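Q: The whole structure should be built from the sequences, with the hints applied where relevant.
Order-wise, the sequence lines are chains A and B.
Residue numbering for the first sequence follows the numbering used here, beginning at 1 and increasing consecutively.
Residue numbering for the second sequence follows the numbering used here, beginning at 268 and increasing consecutively.
What the hints contain is simulated information worked out from the structure, not anything from laboratory work.
None of these values were measured; they are calculated from a predicted model.
Treat the hints with care, since some could be wrong.
[What the hints assert, rightly or not] In the DSS-like style, the derived pairs of lysine-lysine whose C-alpha atoms are separated by at most 27 angstroms in a straight line are:
1. A:Lys100 <-> B:Lys345
2. A:Lys100 <-> B:Lys380
3. B:Lys517 <-> A:Lys33
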Amino acid sequence: MNATHEVLAIGTRPRPASAASAVLTLAWRALLKIKHVPFQLFDVTVTPIMFTLLFTFIFGGALAGSPRQYVQYLLPGVLVQTVLFITVYTGVGLNADIHKGLHDRFRSMPMWQAAPLLGALAGDVFRYTVASLVILTVGFILGFRPQGGPVGVVLAVALLLVFSFALSWLWIIVGMLVRTSESVMTTSFVFLMPLTFASDIFVDLRTMPGWLQTVVGHNPVTHLANASRGLMHGRPDGGDVLWTLVASAVLVLVAGPIAVRLYRKER
Amino acid sequence: MTNAIETTGLVKHFGSTHALAGVDLQIRRGTVYGLLGPNGAGKTTTIRILSTLLRPTGGTATVLGHDVVREPAAVRSKVSLTGQFASVDEDLTGRENLVLMGRLLGLSWRDAKRRASELLDAFGLAEFAGRQVQTYSGGERRRLDIAASLVAIPEILFLDEPTTGLDPRSRTQVWELVRRIAAEGTTVLLTTQYLDEADRLAERLAVIDHGRVIAEGTSRDLKASVGSNALHLRLVDAGRRAEAQRLITKVLGDGVLPASEPAEVAARLERAGQAAAVLSALSECGIEVEQVSVANPSLDEVFLALTGRQAAPTQTEAHQ
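A: Put into structure tokens, the structure is as follows:
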């Protein structure tokens, strides 16, 4: 240890970072974590590949005549499902964070108190994007040919990212309420499983019994999957797109403030 | 304003647990102040209230003139907290952690990187700067933890049990750091369960037990309150301790102090010369003495005298 007089001398502290700059810095932290612990991307890459292959080849023949035909229907939906599954990790990560000393340090620093939440979310949106690219690549290899072209695909992914960002706030709430990361996972999937499977991700709504059509028709995931399929195949359904955007806005407006409040609670 | 920290009747309840039962503190600027007490005494709760992480149930606390409840942002802009558990990101490297703090505190990327290098050099961490923190030893991690609190030098530094779990060499390094930080004008409030640590580092200290300050002053004041000299005896036969204590009471009139080991007897002396009278009385009764010392009482004895309990279990008791 060298002479430290100047290093430790009291001076004027800089003006604390602005809210935007704090969020960007914490997003940088999230990306660094991915760089140092690439295993975090395992779920994001391997699970989606597995899902796409399994569903295409197991159900493809029975549901649409051939896997190649089925993948045209399935891919936009399975993309939705995989990314929605990954949103759970937002809650898991923040749950781990609040039980560590770093959380105390952040809360005792002069910065916008919601910045760590948004920073973590920004890192997660990056992961959602990676997962989307993986699924699309696998889809193209299996013969998926979107009629809407690159623009349709980009719009569909963008819509999915918006909804996933909004849904993540729900899992943040779960992450703040339960004790361990494992219980965040379990609790979140209790909601997420029925949401994704009781939708039209795998089969057309019209093949279901009447009462189930009503239920599935009201599932936000059905609207999102429909909107995603429409955009990718160049037949966008304005109603579904609007429905998804409104649902996302409502989620953020309701769950966001609750999540921030819970995050700032005394521990 | 000469006081960095003032609290009046600070109370904190967690449900039915009364963590703080009325803590009054006045801590002068530019000093190292120690909160000394056993686990669960309320040291950490006090620090968490002062660093705005907890709201007090009752009483008031001001930090550099700002009320911690009404003006938390003003307090946060002037203090740094190094908590009891690693308050850095273990997935990141040492350098990345310091750059992260610098950016959050408002430095430009360039200044944050420069500041990180400065601190890594000053804290002897340069050679590990590029390694993930989870590979650090306890001492290295602790130094990084403290460095992270100094990226922008605070007016007050809170250190919660800065040396718990460290090996003796790392402990000495942390002590040296604390002294240098204080020498540059930062007020340091630290908590510790180690009496020798409080004795060495803190100019003044408060002994906390069951959420109350039970004694306050310099370590010299506290020692004086237990008597100017203390006689320590180690008996050959622990079974004769009660007898020895009775004999000492007869010779000195009063002054037997509680001792931690079964074969030990301690007593307060008004004059060091009284030791001779005690020793000859013991030898007349055939009580053999293995070891004798006359010294200032240790903070251990201060704590025992104040609470009737030991501050922390000794090595031997912990093994039993």
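Q: All the hints need checking, so say for each whether the structure fits it.
A: Now for the hints, and whether the structure bears them out:
no.	hint	in the structure
1	A:Lys100 <-> B:Lys345	holds, 23 angstroms
2	A:Lys100 <-> B:Lys380	holds, 25 angstroms
3	B:Lys517 <-> A:Lys33	violated, 70 angstroms
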